[in-house]
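Model the placement of chain R on the given structure of chain E, informed by the hints.
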Amino acid sequence: MARLFKDEVTLAIAGQAGQGIQSIEAIVGPLVKRSGRHYLSASEFMSRVRGGANSTEIRVSSRPVSAYREGIDLLVALHAEALPRLGKRISPATLVVGEAEKIGYPGMIDAPFSKLAAEAGGALYASTAAAGYLCGLLSLKAEDCLAYIREFFARKGPEAAERNAAAMRLGHAAGAAAGEGGIRIEITPDEGAKGNLLVSGSDAVALGALAGGCDFVCGYPMSPATALLEKMAALSEKFDIAVEQVEDEVGVVNMAIGAWYAGARALVSTSGGGFALMCEGLSLAGAAESPLVIHLCQRPGPATGLPTRTEQGDLNLALYAGHGDFPRILLAPGSMAEGFELGRLAFDLADRYQLPVFILTDQFFADSVQDCPAFAGLDREPERSVVETGPGYRRYVLTEDGRSPRGIPGYGKGMVRADSHEHDESGHLSEDLELRARMVDKRRRKGEAARAAALPPRLYGPEDYRTLLLCWGSTLGTLLEAAERLGRKDLAVLHFPWLYPVPDQAGDYLRRARKRIDVECSSQAQLAQLLHGATGCAIEEKVLKYDGLPFGTEGLAAAIERLL
Amino acid sequence: MTSAFDYEQKLDIGWCPGCGNFAIRQTLIAALDELGLEREKVVLVSGIGQAAKMPQYLNTSYLNGLHGRALPVAAAVKACNPELSVIAVGGDGDMYGEGGNHFMHAIRRNPDIALFVHDNMVYGLTKGQAAPTSRPGMKTPLQVAGVYQKPLNPLALAISLDASFVARSFSGDPEHLKEMMKKAIRHKGLALVDIFQPCVSFNKLNSFDWFKRNSYRLPEDYDPRDRAAAFAKALEEEPFPLGVLYESERLTFEEGLGVYARDPRPLYERRRDMAKVREEVLSRS
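In the order they appear, the protein sequences are chains E and R. Just so we're aligned, residue -15 is where the first sequence starts under the numbering used here, counting upward by one. Just so we're aligned, residue 2 is where the second sequence starts under the numbering used here, counting upward by one.
One chain only, chain R, in its complex shape:
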């Protein structure tokens, strides 16, 4: 039987054959199913890029907006209707490059949303340029002498900002990825899952095998509540740790806004009290 989150008809999907996005899509559908979420209450928000096309291929509501701009949109959707499960999804260039400033401030703001970043260390939709997470030495049509800049470490950055949930997974390990996704969606606050994913068309350096060789699962007894230890863990590279690196409890954006302190209803269900408006206007006399 088809999942409620999938389409019955065959989709014309714009990804390359063999792309890790297919596995991530299947895993996301399975995670949503297992969480038993009502389809009408799920909203996907994305920007632009190959990963950001994800909402187009799930049978949910979505806002597929501008490159780099998913996070302010997603935060606002959740803020106006906390009954919705909001998932922002995009690639490394979308979220860490074009959207870098929003990424930092969304972490500070801490809306109760999940953030899934497909991290394939390369630009796919624009055909093979370097990403903020590209490893040094990678040659591309634009970085002809090879990448020389330090890669952005999204997990360390997120933990430095005291993000409330920071995890990493791998598209080649669907069981692990599904668990990370479910935890992230259930987590109260902004939950980042950086998802390693091979790009079969443009990244010959960081292949499926490379990710497999260069990552390992965190041990069972790892304590994600210790921020300093988590930060140290986030600095580990080649191999990179997979799992929930850091978790904490923080006030969410919706709580901080104060508009739900007296009234739990989403904003659209409310009506302005015009008698109070009259009183307010006339108080200026």
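Isolated chain E (complex conformation):
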């Protein structure tokens, strides 16, 4: 069966939890990137540690790629269950590779991973053999692959390094032979991609937080938000970051507020259910005018929902959480570059405006891995808004833009009094009701000041569009590819890296469109609600998805086309 994949291929590796899908990905990703080809991987998996049916999509391309595809060109099946599970994503055109004996799919290409692993030293090396097979198919240079494997396994000792190298060599040869047998994957390397980074969404936000001066991280483990906690923990020793796993999310948010009060830059990372427990503390940040950075990594709810899947259903939660009126900022990265940019900006904004800042991501974003150009502005120091206090310092002094100079205890001669009650300028609880109204106004003015500094929405496509596709967060990459596939010159995509306070430019962009289409992974079109409320522009058409999987290019393009 001769097949040629030119400049672009979508692979999937499917099997049970514990079969090494992630190990294969961890080897293939860096090797693809080092070869100068572009890479994207996205995982979907069940909420279990062993068994089940999981898969990872890997796209290798000669152009930058940041979209999820539904169609699979080549499937590496590690388990027979993989095929029925992937269902419609497999077509007659999909090549299926795996151990024919085990998988039993008609017309499949036999790739004897177990036999190759046994030859290399045992079943343990099957993942490396499978990774080698893929590298061979992709025509990655064998010597580069071997060098990388030796480096990758060096910390596990010389025996592990050599046996894995043997598995890589055998796998690579088998994959290359399959290539000579008719499956040709020709993906030209891109010279411009040489210095690119290879990061996950969680990596991008973690590195942004690092650049933003984050020095205190606390959390309670919860999928898919744990990855960021662990990324920060991995950086903690090198950068002296305090990291604490707290007893519950109520404790988490209060600890973060205590840390900001004492002069640290604290980050919490959680998902919907955990964030629900933080709502009381969010309100404390509102009253005490505490900075706070919350990474809210969404998964489908309500309640436990689908713990390891993706959705954008918590925009309204972030927007309306917490009792009482107080300002907040909502950011949502749509790319790895924005993950870094907003991860850093969140800390400066929280400090500058003394309010909670959300970084909204989701499982698809957090767990996707992509290559991307090195982040911009790496040398920029974090902006510091803390002041040294003098005698008579008043924490909540009334000011024009609502921001009172923020002191911290122990830095200066002043007393720093932070209060959850309504309070006077000095921070003492007060039931002066006239003052109460002035304090509410003061806090509202901070939100207005923040809105004036909002990042405008980003337009992709022609300025003279007739149809405007609206999106936020992780749907950006796939929507851009879907729009490109539609090939229409009157179509543009508008993405909101800064969601709230809704940037002033939003209304103008919306009004210029003849047709507005909202694209979201939620059943209630929460972005459309937000934009309608802020601009008065209704968004008539919607493409919504809420089955726990991200949009795929093909399905999204077809759904948009039906509306045009």
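Among these hints, one or two may not hold up.
[Unchecked claim] Incomplete in silico selection of chain R near chain E, CB under 8 Å:
hint	residue
1	His103
2	Leu258
3	Gly259
4	Val278
In case anyone wonders, no lab produced these hints; they're calculated from the structure. Idealized CB from N, CA, C, for every residue including glycine.
Below, chain R without anything else, positioned relative to chain E:
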């Protein structure tokens, strides 16, 4: 002369006349004075309740946060700036009820803070409902047939978790209370002082006289280093022992976090090394 920790002007204090909180406040001010602490380096952290208003009436820095949530805040303040003396203060409902989970885990975490719990065995600010430490049989507007649940024993619970300092005192014995407070503040690690205190408005059962009749000072030769004996002591009720029941040395939260191993400066004095950040980011290529 007014203490640096007190206000010169007259305060509008929200406590009932005759409340034990007044005595606890005076004693706390005296303890802080005698320890010679710099006022700028003292932070009080509290939640909500009558006792939790304490920081409002002391001339220090404070974070008066949410009901039950003082301990995670206090632990973080100390963790980010170990040069501060951090005191968490609140009532039995605040610390043992709403904040019960934080209480247990703060003991495990062992931040170097003092924890003063005003234990009047009743809810004051919400007007007279049962507290976790209410004695069985106490009738309230909410427990109309009387409290039937077992009272929480904070000292036994703390010792079971190997808390590093566990003491009890009585607002009616200011000298003793002051000594307990000073020891607790000086102690390295989380230091709990459960403070018996009458509530003149809502607890008719556990009056000043009742506390006096039902407590006694530990003898001079009592050894607070023996955990099993301390646990047995903590189980004694009516009369309840007063004094340091248990003391041990343990790693503190700040030490465990590791961020002071190379650099003793509080976190706010440090600056991120952007050259190192660049190197870290570029290492992902």
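Hint-by-hint comparison with the structure:
1. Of the supplied interface hints, the one on R/His103 holds, with its beta-carbon coming within about 5 Å of a beta-carbon of chain E, less than 8 Å.
2. Restraint check, R/Leu258 versus chain E: the minimum CB separation of about 5 Å is within 8 Å; hint holds.
3. At about 7 Å, the closest approach between the beta carbon of R/Gly259 and any beta carbon in chain E falls short of 8 Å, and the interface hint on this residue holds.
4. Of the supplied interface hints, the one on R/Val278 holds, with its beta-carbon coming within about 5 Å of a beta-carbon of chain E, less than 8 Å.
Hint compliance for this structure: every hint is met.
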